[in-house]
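S.K.: With the hints as extra help, turn the sequences into a complete structure.
Chains A and B supply the protein sequences, listed in that same order.
Using the working numbering, the first residue of the first sequence is number 1, and each one after it goes up by one.
Using the working numbering, the first residue of the second sequence is number 1, and each one after it goes up by one.
Derived by calculation from the structure, the hints in this document are not laboratory data.
You can take every hint at face value.
Label-pair distances were calculated between CB atoms; the ranges are:
| hint | chain 1 | residue 1 | chain 2 | residue 2 | range |
| --- | --- | --- | --- | --- | --- |
| 1 | A | 458 | B | 86 | 55 to 61 Å |
| 2 | B | 83 | A | 232 | 27 to 33 Å |
| 3 | A | 38 | B | 73 | 31 to 37 Å |
| 4 | A | 406 | B | 86 | 54 to 60 Å |
| 5 | B | 86 | A | 238 | 33 to 39 Å |
| 6 | A | 234 | B | 71 | 19 to 25 Å |
| 7 | B | 8 | A | 285 | 57 to 63 Å |
| 8 | A | 465 | B | 86 | 51 to 57 Å |
| 9 | B | 54 | A | 383 | 21 to 27 Å |
| 10 | A | 61 | B | 77 | 30 to 36 Å |
| 11 | A | 285 | B | 26 | 51 to 57 Å |
| 12 | B | 38 | A | 270 | 23 to 29 Å |
Incomplete in silico selection of chain B near chain A, CB under 8 Å:
| hint | residue |
| --- | --- |
| 13 | 12 |
| 14 | 16 |
| 15 | 56 |
| 16 | 76 |
| 17 | 90 |
| 18 | 91 |
If you want the footprint, here are the derived chain A segments under chain B, 3+ residues with CB under 8 Å:
| hint | segment |
| --- | --- |
| 19 | 231 to 243 |
| 20 | 291 to 304 |
All residues carry an ideal CB built from backbone N, CA and C; glycine is no exception.
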Amino acid sequence: MSLIELSAFELVEGLKQGQFSAQEVNSSFADQVDLHDSKLKAFLRFDRQECLEQAAKIDSTGSKGNLAGIPIAVKDVICIEGQKTTCGSRMLEEFVAPYDATLISRLRKSDGVFLGKTNMDEFAMGSSTENSAFGRSCNPWHFGSVPGGSSGGAASCVAASLTPLSIGSDTGGSVRQPAAFCGVTGLKPTYGRVSRYGLIAFASSLDQIGFFARDARDVALILNESAGHDQRDSTSSREPVVDYLGSLGSDLSGLKIGLPIEYQSEGLSDEIQASVVEARRVLESLGAEVSEISLPMTQYGVAAYYLIASCEASGNLARYDGAHYGFRANCQEDQKSRSASSTPPDANRLLEMYCQTRSKGFGPEVKRRIMLGTYALSAGYYDAYYLQALKIRRLIQNELRETFTKVDLILGPTTPTPAYRIGEKSKDPLSMYLGDIYTVVANLAGIPAISFPAGFSTEKADQPAMPIGLQLQGPAFAEAELLKATWAFQNATDWHQRRPVLDGVVG
Amino acid sequence: MDIKTIEDVALLARLNLTPDEISGLRGDLENILAYADQLSALNTEGVQPLAHPGDIVNALREDEVVGSLDRAVLQRNSPKSDDGFYLVPAVLGEAKLTQE
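M.R.: The following block contains the structure:
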């Protein structure tokens, strides 16, 4: 059996027993990257030499960390000291991270091997990875389809067996939606469960680092090493961390799962609805009690989310001013070509430098969200848009808290449709936003949620069968329950074990 | 949403927009805001806005002296810096830029 077919958990076991070395593991995955990534484009940067050096060090020192020798790909929104961290943006094309994110420091202590940085929508704004300034990534199940986003590269590389584990970030579904599109397992932990220090900010009250793996056991493995309070992130939680691996099991007796009737909305594909029904049957066979519930406020999630996220983004991205770090436009050259500028002609050159830098450094979707957020926060609109969205966010959280007094977890689709074709939605921002209808609620309420493979669509004339992902949501800090239910489901099904065929080579 | 509004917002956001960008954004923002208008139909009287999903408040820590990041390392990322200073176009008077 090839090493790339093993899960991270199996690799850890094999490495401990000396069945193979960290160098063998890492060169197997590096070979797979070399073989397929020129087409997939999951990685923005991959350094085989650097990865094998890390592995050699682990072999020679006999490191005993819980992730010793396991390759981990990192979304290019998370800082690794001395490495470029671009956020998929021209604005940070040359930015070299001056420090490690807290998560990276922790995974270093666990002796994980950092394989490279993965592609993403610019500043994590997007649902297809088509907004990257450095080109699109492909879905390994069909190179003509999107991998989802914004963590599209991180999902794609796990699906294509380029790495057993990867790290993403999830502000409105950016881990769960690409996990669903690529047929892998993706967890967004509770807000504050994993430190955000060193994660480049998009919308600070919604951002959370999350994980991709083939199955829930591998997610539990990396979450065990990642979760916990960090003094450097004042929003990180002091809630005790449980042993997520130790919490896994296959008996779901007594587990109460709610199925929101609103999630069977128009726009949900029949095939995904059929997967929900089938998953319900599987979970019931494992002992869970599944009942229908109602979440009427969730229909307002997308509208509230896009206002709040854009408002926070307009503030967070104000830091890109061409002075402290990142790109700066060459203003003298630009003076002549300036047209229809919103800057008064007598404005000083510092203002001109800011405006030119931001206009040339940011791509269209980032500008759109900055404009939306700035508008919604401006005098006269603040109450109607931003404040109203925050009040509805409260009502959504209240509704979920009330629901979690009656059920333990909520089951539903991750996305209304499977992965769509490249270019299909990129011209219509609102239609792409509506694809986030099932995922944004967890970010608004700060609760954990996991997407897991649960079926396939039927083959179409212009697209082969594509993976279907379903989502479980739980109350704050219920990661152990989410992972247990998902792992139990995965023990009873084999959807998570299906792998795409890449160029005739089964990965 | 008129063009003047778009231009005013762009100035607040420190963006220069081309005429094409302005007309594209006008349509996009109108669509998005029309969709968002469903929120105004809800009665939210007396509802406390929720700016942050966690229950945590005032994260305190011991007041200890700890090291900070090295200035020279941080300034390597600056487009223009000199001897510990960040250089930007002149902001006072008519002085010519010396560094550009």
